[in-house]
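Participant: The chain contents come next:
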Amino acid sequence: MERLMKIDRRIIYLLGAAIVFLTMLYPLGLPVAISDLARQTYNEVENLPDDAVVILSPMYDSGAMGELNPMFVALFRHCAERGYKIIIVNTQWVQGPQIVHKFATEIAEEYGYVYGEDWINLGSKPGAAIFLQTAVKDFWEACIEDFNGQPVESYPIMQLVPKVTAEYVDACLVLNCGTPGAPEWLAYVCQPEGIKLVIGEIQMSVPESMPYVQSGQYAGMIAGSRGCAEYEQLIGHPGQALKAQDTMSAIALMVTLFIILGNIGYLATRKK
Amino acid sequence: MMWFLAQEEAKPVLGLFVEGTIVDIIVVLLLGILIWVMVSRARTGRPIPEIKKIAGLEAIDEAIGRATEMGRPVTFIPGILSVSNAQTLAAFGVASHVARQCARYDTRLLVLTCDPLPYAVLEEITRQSYLEEGRPDAFNPDDVRFLSAEQFAFASAVIGVYERERPAANIMIGAFYAESMIFAETASFQGMISIGGTAHTHQLPFFVAACDYALIGEEIYAASAYLSKEPVLYGTVVGQDILKILVWIIILIGGIVATVNPETTFGKLFEF
Amino acid sequence: MNISTDPAIWTQAICILAVYTYLYKDNPIWRLAETVYLALATTYWFVFYFFTYIQPAIVDKAIGEGEWHYFLAVILGLMIFFRYIPSVAWLARYPMSFWVGYGTGYILSFEPAVWLTQITSTFLALNSIQNILIFIGVLSTLTYFFFTLAKENPVVGGVAEVGKWYIMIALGSAFGNTVLYRWNLFVARANTLLFDWLGVGQA
Chain R
1 MERLMKIDRR IIYLLGAAIV FLTMLYPLGL PVAISDLARQ TYNEVENLPD DAVVILSPMY
61 DSGAMGELNP MFVALFRHCA ERGYKIIIVN TQWVQGPQIV HKFATEIAEE YGYVYGEDWI
121 NLGSKPGAAI FLQTAVKDFW EACIEDFNGQ PVESYPIMQL VPKVTAEYVD ACLVLNCGTP
181 GAPEWLAYVC QPEGIKLVIG EIQMSVPESM PYVQSGQYAG MIAGSRGCAE YEQLIGHPGQ
241 ALKAQDTMSA IALMVTLFII LGNIGYLATR KK
Chain G
1 MMWFLAQEEA KPVLGLFVEG TIVDIIVVLL LGILIWVMVS RARTGRPIPE IKKIAGLEAI
61 DEAIGRATEM GRPVTFIPGI LSVSNAQTLA AFGVASHVAR QCARYDTRLL VLTCDPLPYA
121 VLEEITRQSY LEEGRPDAFN PDDVRFLSAE QFAFASAVIG VYERERPAAN IMIGAFYAES
181 MIFAETASFQ GMISIGGTAH THQLPFFVAA CDYALIGEEI YAASAYLSKE PVLYGTVVGQ
241 DILKILVWII ILIGGIVATV NPETTFGKLF EF
Chain Y
1 MNISTDPAIW TQAICILAVY TYLYKDNPIW RLAETVYLAL ATTYWFVFYF FTYIQPAIVD
61 KAIGEGEWHY FLAVILGLMI FFRYIPSVAW LARYPMSFWV GYGTGYILSF EPAVWLTQIT
121 STFLALNSIQ NILIFIGVLS TLTYFFFTLA KENPVVGGVA EVGKWYIMIA LGSAFGNTVL
181 YRWNLFVARA NTLLFDWLGV GQA
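Chains as they are written, first to last, in this note's numbering: chain R, 1 to 272; chain G, 1 to 272; chain Y, 1 to 203.
Read the hints as simulated data drawn from the structure, not as lab findings. A few of these clues could be false.
The calculated lysine-lysine pairs, modelled on DSSO-like cross-linking and capped at a C-alpha distance of 27 Å, are [what the hints assert, rightly or not]:
hint: 1; chain 1: Y; residue 1: Lys151; chain 2: G; residue 2: Lys229
hint: 2; chain 1: G; residue 1: Lys244; chain 2: G; residue 2: Lys229
hint: 3; chain 1: G; residue 1: Lys52; chain 2: Y; residue 2: Lys151
hint: 4; chain 1: G; residue 1: Lys229; chain 2: R; residue 2: Lys196
hint: 5; chain 1: G; residue 1: Lys52; chain 2: G; residue 2: Lys268
hint: 6; chain 1: R; residue 1: Lys102; chain 2: R; residue 2: Lys243
hint: 7; chain 1: Y; residue 1: Lys164; chain 2: G; residue 2: Lys53
hint: 8; chain 1: G; residue 1: Lys229; chain 2: G; residue 2: Lys52
hint: 9; chain 1: G; residue 1: Lys53; chain 2: G; residue 2: Lys268
hint: 10; chain 1: G; residue 1: Lys244; chain 2: G; residue 2: Lys268
hint: 11; chain 1: Y; residue 1: Lys164; chain 2: G; residue 2: Lys244
hint: 12; chain 1: Y; residue 1: Lys164; chain 2: R; residue 2: Lys271
hint: 13; chain 1: Y; residue 1: Lys151; chain 2: R; residue 2: Lys6
hint: 14; chain 1: G; residue 1: Lys53; chain 2: Y; residue 2: Lys151
hint: 15; chain 1: Y; residue 1: Lys164; chain 2: G; residue 2: Lys52
hint: 16; chain 1: Y; residue 1: Lys151; chain 2: G; residue 2: Lys244
hint: 17; chain 1: R; residue 1: Lys163; chain 2: R; residue 2: Lys196
hint: 18; chain 1: Y; residue 1: Lys164; chain 2: Y; residue 2: Lys151
hint: 19; chain 1: R; residue 1: Lys137; chain 2: R; residue 2: Lys163
hint: 20; chain 1: R; residue 1: Lys163; chain 2: Y; residue 2: Lys25
hint: 21; chain 1: R; residue 1: Lys6; chain 2: R; residue 2: Lys271
hint: 22; chain 1: G; residue 1: Lys53; chain 2: G; residue 2: Lys244
hint: 23; chain 1: R; residue 1: Lys137; chain 2: Y; residue 2: Lys164
hint: 24; chain 1: R; residue 1: Lys196; chain 2: R; residue 2: Lys137
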C-alpha cells in the first residue's frame with residue numbers, strides 16, 4: 001500500500017501522455033450527450049433577431065487557446081450562419097484578437113462575410129474597466145482603430161454601433177479565462193445596459209461561474225471543452241472540442257483511478 | 001478625455017441618483033459607516049468584536065522558524081494581480097508580518113512579484129518591517145524582485161528561484177491563477193513548508209491539496225488583520241463581518257418570504 | 001506522415017518539448033527555454049506598454065495634439081521613481097494612493113449591483129431539493145466566514161461545519177474541473193506535435 005503513495009509522478013505523466021497520443025491517433029468516437037445548459041446557451045444565441053449585432057470578445061491569450069479557440073470557432077460560425085453582424089474586440093488580453101483572426105477570416109470567407117460590413121476585428125484595447133465603460137458611452141472613441149490600423153468609423157458595420165448599449169448591441173459573447181473577463185463585462189457593460197451576456201468558460205472556472213448562470217446574469221455558458229463539444233453538435237459542425245472528448249474521457253478515467261488508488265493507499269497507511 | 005466622456009449622460013433619479021443604483025449606494029454607505037465606526041473604536045481602544053483565531057496562521061511562524069533552523073531563505077509571493085485587487089492588499093498585511101519575523105530571526109526573505117506596483121509597495125513594506133525590528137542593515141533590496149509581468153514567464157522565473165535558492169518555506173497569499181499549482185507542487189517536491197491562501201475558488205483546491213496549510217477565501221483578509229492588529233485593517237474586517245451577518249439575515253428572510261409566497265416581489269426591493 | 005517545413009511550427013514544437021523536459025527533472029534545456037521565454041516576455045511587454053500607453057499619451061496626445069493635461073498623469077506616474085531618492089521617497093506614495101483610491105472607488109460604483117443580484121437570486125422558494133440545498137449552502141458557507149462569531153458556540157459551529165462540507169465539495173468540484181482543464185491544454189499541445197508538426201495521418 002505504501003507503494004501506492006509513492007508512485008513516481010513521471011510514471012503518471014508518461015501514462016497520461018500515452019493515453020492522450022493513442023486516443024488522438026485512434027479515436028473511439030464515444031457519444032457526447034447534450035446537456036440542458038448547452039441547449040440553453042445555443043437557444044440564447046440562436047434566438048437573437050435576424051439582424052442582430054453581437055460583440056464576440058476573445059478575452060484570452062495563448063495559455064487558454066487550447067480550450068477557447070474551438071469555442072470561438074463554434075460561436076463565430078453559429079453567428080455567421082444566422083447572419084448576425086460580428087464585432088471582435090477585447091481589452092487587455094493582447095494576443096486574443098491576433099489568435100482568432102485566422103479562424104475568423106476563414107469562416108467569414110466560407111459564409112461570404114465581408115470584412116468591415118458583416119464582421120470586423122477591432123483588436124485588443126488597453127484599459128480594462130475604463131475601456132468597457134468608455135465603450136458604453138462612445139464605442140468609436142474607445143476603439144479608435146481596428147486590427148489593421150484603420151479608423152473604426154470608416155467601416156459600415158461600425159456605423160451600426162456608436163455605443164455599446166442594448167439599443168445597438170443584441171448580445172455580448174465573452175470567452176473568459178481570467179481577469180479582466182466576463183465579470184468585468186457583466187459589471188461595466190451588460191448588467192448596467194441590459195445587454196444579454198453569453199460566455200464561454202474554461203473548464204477550470206465553470207464552478208465559479210455557475211452562480212451567475214443560476215442568477216440569470218449570464219444568459220448562457222459554454223462550459224469547458226465538454227460544453228464546447230456539445231455546442232459543436234448543436235450547430236451541426238463537429239470541431240476540435242468534439243474530437244478531443246475521447247481523449248478527455250480516457251484521461252478523466254485515469255485521473256479518477258489514481259485518485260481512488262491514492263486514497264486507498266492513504267487510508268491504509270493512516271491505519272498503520 | 002475618455003474619463004470625462006464616461007461621466008456624461010447619467011440618468012438622474014430625484015436629480016441625484018443613476019437609475020437602479022439607490023440600493024447600491026445605501027449598501028456602500030452602510031458598509032462605509034460600519035467600517036468607519038469600527039476603525040474609530042479600534043483606534044481609540046474602545047471594545048469591538050474580536051476576530052477569532054484562524055487555523056493555519058501559526059504555521060507561518062512555524063515555517064519561518066524551520067527556515068531559520070535550516071539556514072535557508074523564505075519566499076513570499078503576493079499573487080499576480082496589481083494593487084487594485086483586494087487580495088493583493090491582503091497579501092501586503094501578511095507580508096509585513098512575514099518580513100518582521102524574518103528580520104527578527106535574521107532569516108533571508110525573498111519576495112517575488114509579477115506586477116510593478118505590488119513590487120514597489122512590497123519593497124517599501126519589507127524595508128519598513130526590517131526598520132521596525134531594528135535591523136535596517138539586514139534588508140537587501142535585491143531580495144524583493146520583480147520577475148516578469150507575463151504570467152507564465154513569472155511562473156518559470158519563480159521555479160528558477162526555487163531551484164537555485166532552495167528556500168525552506170514558501171508563503172503564497174493573494175490572487176493566483178494557473179501558476180498556483182506549479183508553485184505549490186514544486187515547493188512540495190523540494191520539501192518546503194508551503195502555506196497558500198487565495199480567494200480564487202478555482203485555485204484553492206490546489207493549495208488545499210499541495211500546501212501544508214491553506215487559508216480559504218476570505219480568511220486571507222481576516223488573517224492580514226489578525227496578524228497585524230492594525231486598527232484600520234482590524235476595523236475593516238469587523239465592519240465587513242457585521243455586513244455579512246446582515247446579508248445572512250436578509251437571505252434567510254428572503255427565503256422564508258419566497259417559500260410562503262412564491263409570487264413575492266421582495267427581491268425587487270433591491271433593484272431600486 | 002508529412003513533417004512540417006514551417007519554421008514557426010518547428011519553433012513551437014521544440015519549445016513545447018524543451019519545457020516538458022522539466023517533467024523528468026530540472027535540466028539545462030528547460031533552463032534555456034525558461035530564460036528565453038522570460039526575456040521574450042519582458043521585451044514583448046516593454047514594447048507593448050510603450051506603444052499602447054507611453055506613445056499615445058506623450059507623443060500623440062500631449063505633444064501631437066497639444067493636450068497638455070496628459071503631462072499631469074505622466075508626472076504623477078513618474079513620481080513613483082522618487083522612492084529611489086530617500087529624502088523625497090514619501091512623494092512616491094502619491095501615485096500609489098491615487099491608483100488604490102481610484103481602483104477602490106471604481107469597483108464600489110459597479111460591483112454592488114452584481115453581487116446584490118447574486119443575493120436576491122438566493123431568495124428561493126424552498127419547494128425543491130435543489131433550492132433547499134442551495135439555500136442551506138449559501139447560509140452555512142457564509143457562517144463559516146463569520147470571523148467575529150465564536151465557532152465554539154454549538155449553533156454557529158454546527159452551521160459553520162455544514163458550510164465547511166459545502167466548501168470541500170465545491171473545492172472537489174473545482175479540483176476535478178481544473179485537472180481536466182490542464183489535461184485539455186496538454187491535448188492542444190499534443191495536437192500541435194502530432195498533426196501540425198509531424199503531420200501524422202496526412203498524405
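Participant: Each hint: holds or not?
Facilitator: Now for the hints, and whether the structure bears them out:
1. This hinted pair checks out: Y:Lys151 and G:Lys229 have alpha carbons roughly 20 Å apart, not beyond 27 Å.
2. Straight-line distance between C-alpha atoms of G:Lys244 and G:Lys229 comes to about 21 Å, which keeps the hinted pair within the 27 Å bound.
3. Annotation: proposed proximity of G:Lys52 to Y:Lys151 holds, straight-line Cα distance about 8 Å (limit 27 Å).
4. For the proposed pair G:Lys229 and R:Lys196, the alpha carbon gap of about 45 Å is over 27 Å, so the pair is violated.
5. For the given pair, G:Lys52 sits about 36 Å from G:Lys268 by alpha-carbon distance, which is inconsistent with the 27 Å threshold.
6. A C-alpha spacing of about 20 Å is found between R:Lys102 and R:Lys243, which places the hinted pair at or below 27 Å, so the restraint holds.
7. Between Y:Lys164 and G:Lys53 the CA atoms are separated by roughly 16 Å; this keeps the pair inside 27 Å, and the hint holds.
8. With a C-alpha separation of about 12 Å, the suggested pairing of G:Lys229 with G:Lys52 holds against the 27 Å cut-off.
9. Taken as a hint, the G:Lys53 and G:Lys268 pair is broken in the structure, with Cα atoms around 38 Å apart against an allowance of 27 Å.
10. Only pairs whose Cα atoms come within 27 Å are accepted, and G:Lys244 paired with G:Lys268 is accepted, the gap being roughly 20 Å.
11. Our distance criterion of 27 Å between C-alpha atoms is met by Y:Lys164 and G:Lys244, whose separation comes to about 17 Å.
12. Distance check on the hinted pair: Y:Lys164 and R:Lys271 sit about 25 Å apart at the alpha-carbon level, within 27 Å; holds.
13. As the CA atoms of Y:Lys151 and R:Lys6 are separated by approximately 37 Å, the hinted pair breaks the 27 Å bound.
14. Our distance criterion of 27 Å between C-alpha atoms is met by G:Lys53 and Y:Lys151, whose separation comes to about 10 Å.
15. For the proposed pair Y:Lys164 and G:Lys52, the alpha carbon gap of about 17 Å is at most 27 Å, so the pair holds.
16. Restraint check: the Cα-Cα separation between Y:Lys151 and G:Lys244 comes to about 16 Å, which is no more than 27 Å; the hinted pair holds.
17. A threshold of 27 Å between alpha carbons decides the hint, and for R:Lys163 with R:Lys196 the separation of about 15 Å falls inside it, so the pair holds.
18. Our distance criterion of 27 Å between C-alpha atoms is met by Y:Lys164 and Y:Lys151, whose separation comes to about 12 Å.
19. Using a Cα cut-off of 27 Å, the hinted pair R:Lys137 and R:Lys163 holds, with the two alpha carbons roughly 6 Å apart.
20. A threshold of 27 Å between alpha carbons decides the hint, and for R:Lys163 with Y:Lys25 the separation of about 53 Å lies outside it, so the pair is violated.
21. Distance check on the hinted pair: R:Lys6 and R:Lys271 sit about 17 Å apart at the alpha-carbon level, within 27 Å; holds.
22. Simply put, G:Lys53 and G:Lys244 have alpha-carbon atoms about 18 Å apart, close enough for the 27 Å limit, and the pair holds.
23. Distance hint between R:Lys137 and Y:Lys164 is unfulfilled; the C-alpha atoms sit about 44 Å from each other, more than 27 Å.
24. About 18 Å separates the Cα atoms of R:Lys196 and R:Lys137, which keeps this hinted pair within 27 Å; it holds.
Hints 4, 5, 9, 13, 20, 23 from the list above are not met by this structure, while the remaining hints are.
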